[in-house]
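**Student:** What follows is the residue order along each chain.
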Amino acid sequence: MNRLSDLLISRPIPETLLRGLLFTSFTLHMLFVLLTLGTAILALYYFIDSQYSGRAKELRFDKRILKTFMAHKSLAVVLGVAPLLLIQVGSTIPFFTAVNLFAPYWMLLVVFLIIAFLSFDALGHKMYVHRYIHLALGIIALAFLLTVPGIFAAILTAFENPDKWQAIMSGGYRLTGALAVHWLFRYLHVLGAAVVFGSGFHYFFTAEDETERKALQKWFVAGILLQFILGIMLYGTVPANPGYGILIPLFTGIVAAALLLWMLFSTINTGNPMQIKTLLPVLMLVLVSMLLTRQFLQDRTLLPLQKQLEANTIAYENELKPFERQTLDAYGASLKVVYDSGETIYAKSCAFCHGANGDGKGVEAKGLSIPPEDISAIRTTRGHLYDILKYGVHGSAMPYFTFFDRDKLDSLMDYMDRTYHVLSPPEAVVVSVSKPAMEQANSIYGQTCAGCHGMDGKGSKLSQGFKPQPPDFTVYSLSPKRAFEVISSSYPGTMMPAFGSLPEEVRWGLVKIVNEKRRQ
Amino acid sequence: MEFPIFQFPYIGNGMAIALDAVLHVIISHGMAIGAISLIVISEYLGFKKSSQDWENFAKDFLKFTIIITTGIGAITGVGIWLITSALSPRGIGSMLRVFFWPWFIEWLVFTCEVIFILIYYFTWSKWVGEKKEKHVYFGMGYVFFALCSALLITGILGFMLTSDGWPWDKGFWSAFLNPSYLPQLLLRISIAFSLGALFSVAFLLFTRRREDFRKEALHFFGKAAIISFSVAVVFTWWYFSVVPSTFKTHAVFAVLTSRFSQQPEIFWYVNGAGALLLFVFSIVSFRGSTVLSKILIVPAVLVSMLFVSEFERIREFIRGPYLMSGYMYASQVLLSETPFLSKDGMLKNDFWFNHAPDNQEAMVQGAYLFARNCSVCHTIGGINDIAERVKGRTEDGIFVMLGHTHEMVPFMPPFSGTEDERRTLAGFLYGISKGTIKLHDPSRFVPVNGGGTHE
Numbered sequence: 001m002n003r004l005s006d007l008l009i010s011r012p013i014p015e016t017l018l019r020g021l022l023f024t025s026f027t028l029h030m031l032f033v034l035l036t037l038g039t040a041i042l043a044l045y046y047f048i049d050s051q052y053s054g055r056a057k058e059l060r061f062d063k064r065i066l067k068t069f070m071a072h073k074s075l076a077v078v079l080g081v082a083p084l085l086l087i088q089v090g091s092t093i094p095f096f097t098a099v100n101l102f103a104p105y106w107m108l109l110v111v112f113l114i115i116a117f118l119s120f121d122a123l124g125h126k127m128y129v130h131r132y133i134h135l136a137l138g139i140i141a142l143a144f145l146l147t148v149p150g151i152f153a154a155i156l157t158a159f160e161n162p163d164k165w166q167a168i169m170s171g172g173y174r175l176t177g178a179l180a181v182h183w184l185f186r187y188l189h190v191l192g193a194a195v196v197f198g199s200g201f202h203y204f205f206t207a208e209d210e211t212e213r214k215a216l217q218k219w220f221v222a223g224i225l226l227q228f229i230l231g232i233m234l235y236g237t238v239p240a241n242p243g244y245g246i247l248i249p250l251f252t253g254i255v256a257a258a259l260l261l262w263m264l265f266s267t268i269n270t271g272n273p274m275q276i277k278t279l280l281p282v283l284m285l286v287l288v289s290m291l292l293t294r295q296f297l298q299d300r301t302l303l304p305l306q307k308q309l310e311a312n313t314i315a316y317e318n319e320l321k322p323f324e325r326q327t328l329d330a331y332g333a334s335l336k337v338v339y340d341s342g343e344t345i346y347a348k349s350c351a352f353c354h355g356a357n358g359d360g361k362g363v364e365a366k367g368l369s370i371p372p373e374d375i376s377a378i379r380t381t382r383g384h385l386y387d388i389l390k391y392g393v394h395g396s397a398m399p400y401f402t403f404f405d406r407d408k409l410d411s412l413m414d415y416m417d418r419t420y421h422v423l424s425p426p427e428a429v430v431v432s433v434s435k436p437a438m439e440q441a442n443s444i445y446g447q448t449c450a451g452c453h454g455m456d457g458k459g460s461k462l463s464q465g466f467k468p469q470p471p472d473f474t475v476y477s478l479s480p481k482r483a484f485e486v487i488s489s490s491y492p493g494t495m496m497p498a499f500g501s502l503p504e505e506v507r508w509g510l511v512k513i514v515n516e517k518r519r520q
Numbered sequence: 001m002e003f004p005i006f007q008f009p010y011i012g013n014g015m016a017i018a019l020d021a022v023l024h025v026i027i028s029h030g031m032a033i034g035a036i037s038l039i040v041i042s043e044y045l046g047f048k049k050s051s052q053d054w055e056n057f058a059k060d061f062l063k064f065t066i067i068i069t070t071g072i073g074a075i076t077g078v079g080i081w082l083i084t085s086a087l088s089p090r091g092i093g094s095m096l097r098v099f100f101w102p103w104f105i106e107w108l109v110f111t112c113e114v115i116f117i118l119i120y121y122f123t124w125s126k127w128v129g130e131k132k133e134k135h136v137y138f139g140m141g142y143v144f145f146a147l148c149s150a151l152l153i154t155g156i157l158g159f160m161l162t163s164d165g166w167p168w169d170k171g172f173w174s175a176f177l178n179p180s181y182l183p184q185l186l187l188r189i190s191i192a193f194s195l196g197a198l199f200s201v202a203f204l205l206f207t208r209r210r211e212d213f214r215k216e217a218l219h220f221f222g223k224a225a226i227i228s229f230s231v232a233v234v235f236t237w238w239y240f241s242v243v244p245s246t247f248k249t250h251a252v253f254a255v256l257t258s259r260f261s262q263q264p265e266i267f268w269y270v271n272g273a274g275a276l277l278l279f280v281f282s283i284v285s286f287r288g289s290t291v292l293s294k295i296l297i298v299p300a301v302l303v304s305m306l307f308v309s310e311f312e313r314i315r316e317f318i319r320g321p322y323l324m325s326g327y328m329y330a331s332q333v334l335l336s337e338t339p340f341l342s343k344d345g346m347l348k349n350d351f352w353f354n355h356a357p358d359n360q361e362a363m364v365q366g367a368y369l370f371a372r373n374c375s376v377c378h379t380i381g382g383i384n385d386i387a388e389r390v391k392g393r394t395e396d397g398i399f400v401m402l403g404h405t406h407e408m409v410p411f412m413p414p415f416s417g418t419e420d421e422r423r424t425l426a427g428f429l430y431g432i433s434k435g436t437i438k439l440h441d442p443s444r445f446v447p448v449n450g451g452g453t454h455e
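Chains as they are written, first to last, in the numbering used here: chain A, 1 to 520; chain B, 1 to 455.
No wet-lab data here; the hints were simulated from the structure.
Being a predicted model, the structure only gives us computed values, none of them experimental.
Heads up, some of the hints might be wrong.
Covered stretches of chain A (chain B as the covering partner; in silico rule of three or more C-beta atoms under 8 Å from a C-beta of chain B) [to be verified]:
| hint | segment |
| --- | --- |
| 1 | 6 to 17 |
| 2 | 111 to 123 |
| 3 | 179 to 185 |
| 4 | 322 to 328 |
| 5 | 331 to 338 |
Virtual Cβ for every residue (Gly too), placed ideally from N, Cα, C.
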C-alpha cells in the first residue's frame with residue numbers, strides 16, 4: 001500500500017471546532033509574536049539612536065521599550081502552545097513532514113530563542129553596560145530572534161506545498177525557485193507587520209513625550225506603506241484563481257489597512273495624537289482578515305489532502321485489524337515476563353540458538369554456519385564462562401551479553417550450572433585406549449593439533465588471527481562424547497578440520513589428551 | 001511510516017531529547033515550581049515579620065528566576081516538543097491525540113501561569129503597604145497554576161511507561177490516571193521543592209545579605225530541604241513499587257549502561273553517597289553554618305541535578321521497547337504493524353522509501369530498514385554505535401539476532417519486515433561493522449555512492 005495515511009488514532013476534536021480554535025489561538029499568538037519582534041527591532045534602533053542623536057541619554061527610550069520585552073515574549077511563547085497542538089493534530093502528516101524537511105533548523109529554534117531571550121532580558125534588566133557590549137549583544141540577540149520567523153516561514157511554505165516535498169528533498173532540503181521567492185516575501189511581510197504592531201504598541205504605552213510619539217508614528221506609517229508593497233509582492237507568489245472565499249478577507253484587510261492610513265494622515269495633518277480607541281479595532285481587523293486569508297489559502301491544498309489521507313487511513317486500519325488481537329495477547333503475556341532469573345534469561349536470550357534443552361539445537365541453529373555449542377557438553381570455569389558472556393565469541397554468532405548487569409549474568413551462570421553442569425569438572429574418558437594408539441595420538445597432537453591449539457592447549461601464536469579462536473583447553477572442555485564428535489567430524493565454519501580418517505582409538509586418545517589439559 | 005528519515009547526528013535521538021528535557025525538568029521543577037513557591041513564602045515572611053531582608057531576598061531572587069524560567073525553562077519545555085516533532089513525529093503525534101484535551105487545558109493553564117507571574121513580577125514595587133497581601137495572593141495564584149501544569153503533564157509521562165488498561169480499552173481515563181500517575185506527581189513535586197530549596201540557598205549564599213539574616217534564612221531553607229528530601233525518598237520508593245517488574249528490572253542497567261553493567265555495586269554506592277551528601281548538606285544548612293554550606297552547596301546542586309537526570313533516564317529507558325506501552329514500539333512501529341509488515345514488507349509500505357533515489361540498491365534498502373527499525377536508539381558512528389554492537393558477529397549471526405532482538409534484549413523492539421528484508425538489513429549491518437559501507441549523510445541515512453556500484 002504505497003500511499004500516505006494519517007495516524008491511526010482518530011482525531012479527538014471535531015473539524016470545525018479545531019479550525020476555530022486554531023484560528024483564534026494562532027491570531028493571539030501572532031499578535032504577541034509581532035509585538036516581540038517589533039519591540040526588539042525598535043529597542044535596538046533606539047539604542048543606536050540614543051548614542052548618536054542629540055537627545056538626552058537619561059531618557060533611555062530604548063530601555064523603556066525593552067522593558068516590555070519580557071512580557072511580550074513570554075506571552076508569545078505560551079500562546080504558541082495551542083496553535084502548535086492544533087495544527088499537529090489537525091494536519092499531522094503535512095506539518096510533521098514540513099518539520100522533518102527542515103529538522104536541523106527547527107531544532108535550532110530552541111538554541112536561537114534561548115540566546116535571543118537571555119540577551120534581551122540581560123539588556124532589559126542591567127541598566128548600564130558598555131555601549132559597544134550593549135550594541136554587540138543587541139545585534140546578536142536581534143539576529144537570532146529574526147531567524148525564528150524565517151524558520152517558521154520556511155516550514156509553513158513547505159507545509160502548504162505537499163506536491164513540492166520531493167523537490168525540496170532532492171534539492172538538498174532547501175527551498176528553491178518560486179518557493180524561495182515566496183518564502184522571502186512571506187518572511188519580510190511578517191517583519192513589516194512586526195514594525196507596525198511594535199511601533200503602534202509603544203506609541204500608546206511607552207512613548208512619554210511628543211518627540212518619541214512623533215518618531216514612532218513615522219515607523220508606524222512607514223511600516224504600513226511597506227506592508228502594501230510586500231503584500232502585493234507576496235500575493236504575486238501564490239497560485240492564481242484564489243476564489244471569493246479568499247478574496248473577501250483579503251480585500252477586507254486591504255480596505256482596513258487603507259482606512260488605517262487615511263486615519264493616520266488625517267491625525268497627522270490636524271496635529272492631534274492618534275486615538276487607541278479608533279485605531280486598535282481597525283488594526284485588529286487588518287490582522288484578523290490577513291490571517292484569515294492565509295488560513296483559506298492554506299486550506300485550499302491541505303483540506304483535500306487531509307480527506308485523501310483519512311480515506312487511506314481507513315484502508316490501512318482494515319489491513320491491520322486481523323493482527324490486533326494476537327498482538328495484544330502477546331503484549332499482555334510479555335508484561336508477565338521478568339528478566340531477573342537465569343532460567344528466564346536462558347529461555348529468552350539463549351534458547352533460540354542453544355536450544356531449550358541446551359543441546360545446541362535451537363530453532364535458529366540450522367541457519368548458522370558455525371553451529372551453536374551444545375551447552376550440556378560444556379565443562380568450563382566460572383571465570384571463562386563469564387568472559388564468553390561478557391565479550392561474546394568473535395567471528396561467530398555468539399554475541400556479548402553485557403546488556404544484562406553482573407547480577408543477572410551470575411544468575412544465568414548459576415542456572416546453566418544447575419541445569420547443564422557446565423561448571424562441573426570434566427568427565428573422565430571411560431573408553432580405554434591402547435598404549436601404541438596413545439603414543440600415536442600424542443605425536444599427532446604435537447605435530448598437528450598443537451599448530452593451532454598450542455602444546456599447552458592455550459592456543460598457538462598462529463591461531464591468534466583466527467576468528468573464532470580455538471578454545472583454551474586449560475579452562476574449557478567438552479564432554480568426551482562431544483569432543484570425539486568434533487575431532488571426528490570437524491567444527492563447521494571454523495578452522496577445525498575433521499580427523500575422521502584416524503583410527504577411532506587414536507581419536508579417543510586425542511580426547512584424553514585434550515581432557516588432561518584441564519587438569520594441568 | 002508516514003515521515004521522511006531523520007536522525008539527530010552523532011549523539012542520537014534519545015540523547016538530543018534528554019539534554020533538552022533534563023535542563024527543562026531542572027528549571028521547571030526546581031525554579032518554576034520550587035524556587036518561586038519559596039519566593040512567595042519568603043515574601044510572606046518578610047511581610048509578616050516586617051523584615052526588609054526577606055523582602056529584598058525574595059524580590060532579587062524572583063528577578064533571577066523569572067529570567068531563567070521564561071528564557072530557558074519555557075523554551076526548553078517547548079523544545080522537548082519541537083525536538084520530538086522532528087525526531088519522533090509518529091510518537092508525539094499519537095500522544096497529542098490521546099491527550100488532546102489535557103494538552104489544550106495545559107495551554108490555558110500555562111497562559112494563566114505566565115500572566116500571573118508577569119503581574120506578580122511587575123507589580124512588586126507598586127503593590128506595597130496595604131496591597132502587599134494582595135501581591136502575595138498573586139504569587140500563590142501563580143504557584144497554583146504551576147502545580148496544575150504538573151498535574152496535567154504527569155499523566156502523559158506516566159502513560160508512556162504504565163499504560164495500564166489503555167491498549168485494550170483505549171479509554172482516556174485509563175491512560176491519564178495510570179498506576180504511576182499519583183506517585184510520580186508527588187515525587188515530582190517533592191523534587192521541585194528539593195531543588196527549589198537548594199537553589200534558594202545558592203542564591204542566598206552568593207548574593208550580598210546581612211549575616212544574621214543569612215543564618216536565619218539558611219536555617220529555614222535547610223529545614224525545607226530536609227523535609228523535601230525525605231519526602232522525595234519515600235515517593236521514589238512508592239513510584240518504583242508501582243512500576244511493573246518487567247520494566248523495573250532494567251533500572252540498574254539503565255543507569256550503568258553496558259560500560260559499567262558488570263559492576264552493579266557502583267549503582268548503589270554512588271546513589272548512596274549522593275543521598276548522604278544531600279542530607280549532610282541540608283543538616284549543615286539547617287544549623288545555619290554559612291561556611292560549610294558554602295563549601296557543600298555547589299556539589300549538592302550538582303548531585304541533585306544528577307539525581308534528576310538519573311530518574312528521567314531510568315523512566316525513559318525501562319519503558320524499553322515501547323514508546324507508548326502496548327501500542328507503539330520505540331521505533332514508532334505499531335505493535336499490530338509488526339506482524340503485518342513481516343508478511344507484507346516494510347519497504348513496500350514506506351511512502352518515502354518508494355520515492356527515494358536508488359531504492360533498488362541493497363545498500364539503500366538496508367539503510368532504510370536500519371532507519372525505520374534501529375535508528376531511534378542506534379547511530380552509525382556516534383553514541384550507541386551499531387557498528388560496535390555487531391562487531392565480531394558473522395552475517396548469519398546478525399541475521400538470526402535481528403529475528404530475536406525483542407527476546408534476546410528485552411528492551412529492544414522486534415524487527416519489522418519480511419525475512420528477505422531482515423537479510424538485507426543483516427548484510428547492511430555486517431558491511432557497516434566491517435567498514436565496507438559508509439554513510440554520506442548520517443542524519444538522512446544516505447549511503448556513500450548510493451547510486452554507484454553494488455556492494
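**Student:** Against this structure, judge whether each hint is valid.
**Tutor:** Structure-based check of each hint:
1. 6 to 17: The restraint on the segment 6 to 17 of chain A holds, since 8 of its residues have a Cβ under 8 Å from chain B and three suffice.
2. 111 to 123: The restraint on the segment 111 to 123 of chain A holds, since 6 of its residues have a Cβ under 8 Å from chain B and three suffice.
3. 179 to 185: As far as the segment 179 to 185 of chain A goes, the hint is violated, because 0 residues have Cβ atoms under 8 Å from chain B.
4. 322 to 328: Answer holds; 5 residues pass the 8 Å Cβ test.
5. 331 to 338: n = 6 at 8 Å, threshold three: holds.
In the structure shown, a violation is registered for the earlier hint numbered 3 alone.
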